[in-house]
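Visitor: Sequence:
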Amino acid sequence: MKKQCPNSNTWWLDSRATTHISVTMQGCLWSRPPSDDERFIFVGDDNKVAVEAIGTFRLQLKTGFCLDLFETFVVPYFRWNLVSISSLDRFGFSCSFGNNKVSLYQNSNVVDSSSLIDNLYMFDVVSSYNEILQIGSRGTKRKLIKKSHKRLGHITKQRIQRLVLDVILEPLDLSNFEVCVECIKGKRTNIRKLGVKRAKDVLELIHTDICDTFPTASWNGQQYFITFIDDYSRYGYLYLIHEKSQSLDVFKSFKAEVELQLGKKIKAVKSDRGGEYYGRYDRSEEQHPGPFALFLRECGNGPQYTMPGKPSMHVVAKR
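For the sequence shown, position 193 (counting from the first letter as 1) is numbered 185 according to our numbering, and the numbering increases by one without interruption.
One should not assume that every hint holds.
Lysine-lysine pairs mimicking DSS-like chemistry, simulated, CA-CA at most 27 angstroms apart [unchecked claim]:
hint, residue 1, residue 2
1, 40, 177
2, 177, 192
3, 310, 177
4, 192, 236
5, 244, 256
6, 302, 236
7, 189, 302
8, 257, 247
9, 139, 149
No wet-lab data here; the hints were simulated from the structure.
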């Protein structure tokens, strides 16, 4: 072995070590205090040395693979960071030795190849995970925090801090936590909902609307449907039609049926200002009452029309 003290960021494979060993906390994602049974470990000369902490370390290998070392013992007494082969085996890794090299496999895929140096195999580590975060730009840190915030369902900064304290999440620097635009949009109220006056009896108000054409027609060629919904009971009728111009004929059938069954008259009909209800525009760009509007006027069924471009005023029928 080399006499000089090795770099604290170098990691060496050890076939006799029963657990991973780190000489410092450098590269530690999270840690916990050792239990009473874990406070000391025995070394080759039967001496016991103190364990400072137990945690998870992430190594960024030169191949780009991130190797997580779980249940790593932090022992400042040691001079070498050791990677236990038996511990790797427990987590699904395997090693292949030959020609002064060792290859590390995960699911039959090579994730790293290490060379023999002074009779020991050394991992080709770029840097530890927390060093990558420290040398990364502020923009990179902000992206990492933002991504974590989104993946956790847009939870608050306080919730993320609690998860970090409970060792559920890896440590995150939340000093650059920015306001989430999606969260603001989700909490924003587009339209102030004022109190809506509901009908007090059936047939006081009927909501109607026509659904736009479907790409696939029904078995007898109908591509539209028209609905009539009672405001009081929310009971609805649906009729299939070939053209929007059939709306008046269908309404007459609906009107005759419900008024006969209930023994009451329809008092008002609410719709949008579409041509099939209010009337078509002429060449002077003026909208004149059409057959549907004139029929309602003749029957005394007070028509109610929504404002142009305000579908929110017609939510009962639009649903």
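Visitor: Going back to the hint list, which numbers does this structure go against?
Guide: Hints 1, 2 and 4 are the ones this structure does not satisfy, whereas the remaining hints hold.
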